[in-house]
Amino acid sequence: MSLIKEIDYGTPIRVSEARVALTIDGQAVTVPAGTSVMAAAVYAGTQIPRLCATDSLEPFGSCRMCLVEIDGRRGTPASCTTPAENGMVVHTQTPRLAKLRRGVMELYISDHPLDCLTCAANGDCELQDMAGTVGLREVRYGYEGDNHLRNPEALKDESNPYFTYDQSKCIVCNRCVRACEEVQGTFALTIAGRGFESRVAPGATDFFGSECVSCGACVQACPTATLTEKSVIEHGQPEHSVITTCAYCGVGCSFKAEMQGSTVVRMMPYKHGGANEGHSCVKGRFAYGYATHKDRMLKPMVRAKITDAWREVSWDEAIAHAAGEFHRLQAAHGVDSIGAITSSRCTNEETYLIQKLVRAGFGNNNVDTCARVCHSPTGYGLKVTLGTSAGTQDFASVAHADVILVIGANPTDAHPVFASRMKKRLRDGAKLIVVDPRHIDLVRSPHVQASYHLPLRPGTNVAVLNAMAHVIVTDGLVAEDYVRARCDLADFESWARFIADPHHSPEAVEALTGVPSADVRAAARLYATGGNAAIYYGLGVTEHSQGSTTVMAMANLAMATGNIGHVGAGINPLRGQNNVQGACDMGSFPHEFSGYRHVSDDATRETFEGLWGTHLRSDPGLRINNMLDEAVEGRFRGIYIQGEDIAQSDPNTQHVTAALEAMECVVVQDLFLNETAKYAHVFLPGSSFLEKDGTFTNAERRINRVRKVMPPMAGLADWEVTVALSNALGYKMYYTHPSEIMDEIAAMTPTFSGVSYAKLDQVGSVQWPCNDAAPLGTPVMHIDRFVRGLGKFMITEYVPTEERTGARFPLILTTGRILSQYNVGAQTLRTENRKWHREDELEIHPFDAESRGIVEDDLVLVASRSGEVALHAHITERVQPGVVYTTFHHAKSGTNVITSEFSDWATNCPEYKVTAVQVRRTNRLSDWQEQFADNEVALKRVDMLAPAAE
Amino acid sequence: MTDGGSSEIEKLAHMANQIANFFRPYPEQAARDGVRTHILSFWTPKMRAELLAHADGLKLDPLVMAVLPGLA
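Each protein sequence line maps, in turn, to chains A and B.
Per the numbering used here, the very first residue in the first sequence carries number 1; after that it's consecutive.
Per the numbering used here, the very first residue in the second sequence carries number 1; after that it's consecutive.
These aren't lab readings, by the way, just hints derived from the structure by calculation.
Where is the CB? At the ideal position from N, CA and C, for every residue including glycine.
Some hints here could point you the wrong way.
[What the hints assert, rightly or not] Heads up, simulated SDA-like pairs for lysine to any residue below, C-alpha to C-alpha not over 25 Å straight-line:
#: 1; chain 1: B; residue 1: Lys11; chain 2: A; residue 2: Glu325
#: 2; chain 1: B; residue 1: Lys46; chain 2: A; residue 2: Thr805
#: 3; chain 1: B; residue 1: Lys59; chain 2: A; residue 2: Thr805
#: 4; chain 1: A; residue 1: Lys792; chain 2: B; residue 2: Asp33
#: 5; chain 1: A; residue 1: Lys5; chain 2: A; residue 2: Asp129
#: 6; chain 1: A; residue 1: Lys294; chain 2: A; residue 2: Lys792
#: 7; chain 1: A; residue 1: Lys792; chain 2: B; residue 2: Lys11
#: 8; chain 1: A; residue 1: Lys792; chain 2: B; residue 2: Pro25
#: 9; chain 1: A; residue 1: Lys792; chain 2: B; residue 2: Arg36
#: 10; chain 1: B; residue 1: Lys46; chain 2: A; residue 2: Asp129
[Said to hold, decoys possible] Which residues of chain A face chain B? A partial, calculated answer using Cβ under 10 Å:
#: 11; residue: Ala332
#: 12; residue: Asp336
#: 13; residue: Ile795
[Said to hold, decoys possible] Just so you have them, the derived chain A footprint on chain B, three or more residues with Cβ under 8 Å:
#: 14; region: 8-16
#: 15; region: 20-34
#: 16; region: 57-63
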């Protein structure tokens, strides 16, 4: 293995059908029109010296290192800013150029510390490389004059937990500033001062206190050691790298895990990653330290009762104990008394194995996945209307969108790398419509301004989308040719009559939604007439009583305007976790096999029965919420939970824990003793994404490889544990490597039939469907026809949630997550990211705060019909009057103690986004929170006196 | 549902009524087909049996009542 170094063309790769032919140093080369002379030289096989240029950034032309001579032209133009032209004859190496470059280099080095041997960038420094390239042998100017070297410690900013800023090493090339602007789109950095005083600055503060989002783009762009990862300072330069996939959000960024042996030195975003194209966010780039955190549980453990201390045992004993208990429960209480939950944090291969274990080993269909509580309405709504349970586009499509509708999503926080792509398109002129109760950053941020923000009341998504559709239909803006050619006309006509009814008009629903009707009308007209219109949405759509209805309403809107089936358009769910799409694809839902085929489909079931060698049930199994309800009733007795923490993430915590307490055998497989493990009887140590092979499928259906970079810390990868459990249960599995599991998935799943590890190694990634018809995958779906044939318009009447505000609970609580944290915080809170989020706070509008006598940082009790928790108040106009907001990253907050059990009508996806609450000042934690503190000790004890495990 | 959670059978009734609410705008037969197909596709046989067994004591939507015989 070696360190992977991608080619840097110096300026961005231009795409054009037109070609230009030129000669560089006597070598003929043909390049796409628009290509710079610098990049053309790389195509020709040579490198022009440079410092301020890199191909992730537009050319800047400041360093004067990349000068060239061009026949027939005066002077020495910068090759980065000079487009290649037909017939051009370029010389990159002449005595004149050499002298100029050496002179420039000498000036740079005259104000740069000569500590190369002890510098963190030694071996990875472009300045050092260029000094060597130009043959710099002396610096004639001395170091007596003004410079930035005299007091280097005073010029260091080490406030950011992940990287340092050392001004003494800065050559003011602007790459970091431009990366922050062009790649990340945050505009946190600038060049402060003029002339000799010019220095990179994160505003009038330090990095930690600035607008910097720690995406790492500036560090990546820096050609010197000015911006350096602290991990590189600590460890030194990596010696090999492995391409793998981030285990955080559904963007699924590709990274080079840069290693020293089995130690990760740094995670570098991979330029050829289809999802991220070389960009990253603070989580994927830096927050991987949880994988080796001291809290990792590395020994299997068992206990008879949850109040007992855990006893460390061997893998064999733990597996045998779990299998024995599951056998006992099924013998005593029936085949249906146990089930399992797969995880969107685990690989496709692992989730496939769990559902196979349940269907073939347990003999029932009681398998569900955490998508139940996030994007199950996406699966249902898009399957019904379009024919398959997935988003329609690749991420690159957003670059061709003319109108972007963001609804119920906060991409800059939850999907930051995709948000950067989106913001780039917005800066280039696309129009933006934001439908969200909160004033999220996209509404207005540097160089981004939504044309329309529709700040609806939580729970009224359907009413707003119906009102937009009403305008489109009654204004005659339907794409009639498209609808006639692509959609079921009878369904369309029924829908058009339904939606044209005046009770759907923006004026009729204004009092209900709180959105000015004029804005709804204008937004609808923009969406319908503004060119390519793309919808991006998140859990603000799905986590409602009407989540599935909203998904279908979006599909109606897109079909009516002809915005599905081509680049720049579509309906795009932004998946919360890294493998939500994959976990769903793999048959994790209780009613369907991999590839979204219902268990009652005889042909499909018989195919699986043939391969798996056992009878399979044709009736749907229990969903998570059904499992919990049946547990409370005493009928569901055992569960195997891989990589999920339902005691923190699922709604109405007290109901969840009551159900877990009622079970006799709870098996938790996880990295940490999480909240659910407090109620477990068997703990099986999990393996992080760094410790196993597999694949993740991101929100754009892209199947990316996960590659093992270190051995499993507990000895077994997760898939090996499932195989062992299945074998102990008597259903034999014979896999020796995850690639064999993928081979089985491909053999059994039509949309995956062309997928193999060999292909992924060869082409990097593919987007399903990947089969004979599309051997390299399908970036955009439904191009000529919908998967279901004709697109199906659904009637989407607005049915209000039954969660009602009133005198007792007058405010609506909605929940979400923030940039630095991920889901239940198990990973990110075990990294330096915790510095950005020490606790979950309650956002409350000044009006609501004042009327309750609440001032900033007051401890307030948030009470709902389900429970109470105390949080500190943050007074902000980001939320509207009548709405409060919090996150759920800290277990001790107990945010889901207060969320209700109301759920989506079609899928039972919980209604996290609408909970009626009251808020008042308090001086103590809630009873639940005090009990939590006690349980942290009582339910997590490990018997240190037990014999050591094998 | 009530404060602090409901019994399982009450939840099943609530789920069924929610499904009926969605399909109500459709013509009568299509609405019935929608409700029946949905419950058959996503509910376990035991859940359907529970609903049938307790139907008389539950506040079920007329659309749900209409499709009960088809859920056995």
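Against the structure, the hints come out as follows:
1. B:Lys11 to A:Glu325: Roughly 29 Å separates the two Cα atoms, so the pair is violated.
2. B:Lys46 to A:Thr805: 34 Å, violated
3. B:Lys59 to A:Thr805: Measuring from Cα to Cα gives roughly 23 Å; hence the hint holds.
4. A:Lys792 to B:Asp33: 16 Å, holds
5. A:Lys5 to A:Asp129: Status holds; Cα separation ~15 Å.
6. A:Lys294 to A:Lys792: Given that 25 Å is the threshold and the Cα spacing comes to 52 Å, the pair is violated.
7. A:Lys792 to B:Lys11: 30 Å, violated
8. A:Lys792 to B:Pro25: 16 Å, holds
9. A:Lys792 to B:Arg36: 19 Å, holds
10. B:Lys46 to A:Asp129: 71 Å, violated
11. Ala332: Violated, about 17 Å.
12. Asp336: Holds. Min distance 7 Å.
13. Ile795: 5 Å, holds
14. 8-16: holds (count 3)
15. 20-34: It holds: at least three residues are needed, and the region 20-34 of chain B offers 5 whose Cβ sits within less than 8 Å of chain A.
16. 57-63: Violated, because only 0 residues of the region 57-63 of chain B bring their Cβ atoms closer than 8 Å to Cβ atoms of chain A.
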